[in-house]
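Undergrad: These are the residues of each chain, in order.
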Amino acid sequence: MKVDPRLPTPGGIPEVDIDPMLYRHLAGAAVNVELDTGDMILNLGPQHPATHGTLRLVVRLDGERVIAADPIIGYMHRGYEKLVEYRTYPQITTLINRIDWLSSFANEVPFIFAAEQLMGIEAPPRARYIRTMLTELSRIATFLLFLGEMGLQVGAITPAFYGFRDREYALNLIEAVTGGRFHPNFNRIGGVKDDLPWGWINDCRQSMKKVLDSCDDFENLVAGNPIFEQRTRSIGIVPRELGAAYGVSGSNLRSSGVDWDLRRDGDPYGLVYDELDWKVWTHPDGDSFARYWVRLQETRESARMVLQMLDALPSGPIMAKVPRIIKVPEGEVWVNCENPLGEMGYYIFSKGATGPFRVKIRSASFSNVSILPWLLRGAYVPDVITILASLYFILGDIDR
Amino acid sequence: MSESVLLALNIGWGTTLAIKTVVVLAFIPAAALILGYTFLLKMMSHMQSRLGPMDPGGFHGWFQLVGDGIKFMQKEDLMPAEADRRVFALAPAVIVISTFLVFVVIPAGPRIVVQPLDVGVFYALAVSSLSVIGVLMAGWASANKYALLGALRAAAQLIAYELPLVLAVVGVVVQAGTMNLQGIVLAQQGGHIFGWGGIGNPYILTQFVGFGLFMVASQAELTQPPFDMPVAESELVAGYMVEYTGFRFLFFFIGEFGTAFAFAALAATLFLGGWAIPGVHGTTADVLGPIVLFAKVMFVAFLMFWARFTYPRFREDQLQALAWKWLIPIALVNILATGVLKVWVK
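Protein chains in written order, with my numbering: chain R, 1 to 400; chain H, 1 to 346.
Any given hint could turn out to be false.
As the list claims (entries may be wrong) - Result set (SDA-like, lysine to any residue): computed pairs, CA atoms no more than 25 angstroms apart in a straight line:
no.: 1; chain 1: H; residue 1: Lys42; chain 2: R; residue 2: Ile157
no.: 2; chain 1: H; residue 1: Lys145; chain 2: H; residue 2: Asp84
no.: 3; chain 1: R; residue 1: Lys210; chain 2: H; residue 2: His46
no.: 4; chain 1: H; residue 1: Lys42; chain 2: R; residue 2: Phe161
no.: 5; chain 1: H; residue 1: Lys145; chain 2: R; residue 2: Trp374
no.: 6; chain 1: H; residue 1: Lys145; chain 2: R; residue 2: Glu64
no.: 7; chain 1: R; residue 1: Lys210; chain 2: H; residue 2: Met44
no.: 8; chain 1: H; residue 1: Lys145; chain 2: R; residue 2: Arg60
no.: 9; chain 1: H; residue 1: Lys145; chain 2: R; residue 2: Gly224
no.: 10; chain 1: H; residue 1: Lys325; chain 2: R; residue 2: Asn225
no.: 11; chain 1: H; residue 1: Lys145; chain 2: R; residue 2: Ile67
no.: 12; chain 1: R; residue 1: Lys210; chain 2: H; residue 2: Lys325
no.: 13; chain 1: R; residue 1: Lys351; chain 2: R; residue 2: Pro90
no.: 14; chain 1: H; residue 1: Lys71; chain 2: R; residue 2: Phe161
no.: 15; chain 1: H; residue 1: Lys325; chain 2: R; residue 2: Arg65
no.: 16; chain 1: R; residue 1: Lys210; chain 2: R; residue 2: Ala245
no.: 17; chain 1: H; residue 1: Lys42; chain 2: R; residue 2: Arg165
no.: 18; chain 1: R; residue 1: Lys351; chain 2: R; residue 2: Tyr86
no.: 19; chain 1: H; residue 1: Lys71; chain 2: R; residue 2: Lys210
no.: 20; chain 1: H; residue 1: Lys145; chain 2: R; residue 2: Phe161
no.: 21; chain 1: H; residue 1: Lys42; chain 2: H; residue 2: Thr310
no.: 22; chain 1: H; residue 1: Lys325; chain 2: R; residue 2: Gly224
no.: 23; chain 1: H; residue 1: Lys145; chain 2: R; residue 2: Thr94
no.: 24; chain 1: H; residue 1: Lys145; chain 2: R; residue 2: Asn225
no.: 25; chain 1: H; residue 1: Lys145; chain 2: R; residue 2: Pro46
no.: 26; chain 1: R; residue 1: Lys210; chain 2: H; residue 2: Met47
no.: 27; chain 1: H; residue 1: Lys42; chain 2: R; residue 2: Trp374
no.: 28; chain 1: H; residue 1: Lys325; chain 2: R; residue 2: Arg233
no.: 29; chain 1: H; residue 1: Lys145; chain 2: R; residue 2: Ala68
no.: 30; chain 1: H; residue 1: Lys145; chain 2: R; residue 2: Leu242
FYI, nobody ran anything at the bench for these hints, they're computed from the structure.
Please work from the sequences and hints to get the whole structure.
TA: The structure is reproduced here in structure tokens:
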């Protein structure tokens, strides 16, 4: 069943609270001062291994149970929305691929596509195929890291190293095409900078087979582990209506059972998803395990998509005809896309100069972590960590 | 090291004690280094495709451990301003002492044992659980919320898993008819499997349930994954050790791996026949015994570390449930079955 999650749920956000009767004993304990243990306020972050970055989480604890959790963001605010106002369009891709640094290429594409739409240019088919392939490769890279990282947060060190190792398959391929592992800066208005290098298609085919193998490894080592299931099943459940109301998007929402993927349901933002045979994975549970499982399946699906694109890759030019000095005509445009972390969007307001007048960036992680205060209430401290890990946010994507 | 040898050399009581102390004290760091090098650095690197620990020094990264040692020496000895200074300083020593006391009773040959005790098993398990005091001291004295959470988790866990550990061993004690570790080894060496005494009767054949329980419980006593909730590095950073640096941290490290060696040695002695080689007695056994015991210890430690590198960790309530709902009932049934069979078969 398809539901547009941006629609408000009837009745607003359901208020779910801890039963106050659970804490009735504390009211009586206040008579005897020695017995009133009080709550402990624990500061998780900004420097904490589980927040992979500088997220700060102020947690009020009763024993090991969370009574209230407050995420405090902004330690990594770099002001990209302001910075891009002082740069030309070709320069901006350098900045915006640092928003979500693990899948930088996927950040560039929608911005360039928005500028192309304002200019009325369409990239040639081969460039669109290359863009789609590299977007999916960066999705594979970031998800493979997640698949290992999640194991680490649950306590198994080994998958983390496997994740870092297997991510290299995708990163090496991106590096071979663009010259950069993390920050490719490869998209140009009207196409891409270079064609694929010699032998890349063959390498890519072999690497995708290895990626599929390593997905099997993760399924056996992590997802199939009974302790992992015990730790993640029915932990951190995001109800579908509530997730949609908070603006949670991407794999996090799909694992709550919402069959909604912008690659299929939205405007394809210049990519070739409608020409491929693929499937949107959902999971009905909405817990941490579901989020892991959905990302595992999506990694596989991405690898299969890349294999299909390698077979269907058209020949031809990689750049459309573009003027030497790029001036985007007046107008405004909104492009949203399916970033690996969720829905990412750019709203560009142009006054006809070489750079935009104003850009609003909608990043996925910002909305995804907004559900944390609701989600963490009543959880145990170890579950806080698994819930944080399974929501899979990037700090640069929260703070921009 | 036996009494007879020392008496023959006409050495006084005080000197004997000094020699024994030095031997055990020297053995703990050695044991910790051997396990740390073999399993933590080399086996883990192979299992996890790690490149770092295989690189320093050329051949197989042999320099890594030395480099780690130098690093620990160089670190500043920090103590939190709010810390309870005496308790903070004493805690690592308490943990190492509990390991030290276990090594006293483990026999490595017919005459190679520091102090043979008639209550050997009881003593070894009792002193090994002293480390929980050190853990609580460290967590409380650090004046750190993460350390406190870690210490409380450790206390709850160590107490819960003390029971299955002891109950797992009771089966062996019943079968051997003695609590003396030397006696248990001799009982295994002289045992028979359906009347055939070719390899003695290592108790793993009859007490395999006990062996499994002992391995699980000792993993929890060592606070290793899947039972590493007290030091859970992804949430509590390092649990009760979070405020320790440099040499004091090294003490915790030595304590952890020394205890791993001690538990592996206990498991090897109780279930795998200890130092015994079938048909070898006397001085030959004294020479070969330590080598055989060492090989068995390394095998048991391999199993321990294999689990450590494979599993994610249980949550605190889940591991309590595992101990009370599964391990202890199984251990009790095992004791009952052992007792019934012992009476019935004889």
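Undergrad: Which numbered hints are broken by the structure, listed smallest first?
TA: 9, 12, 16, 19, 20, 23, 24, 27 and 30
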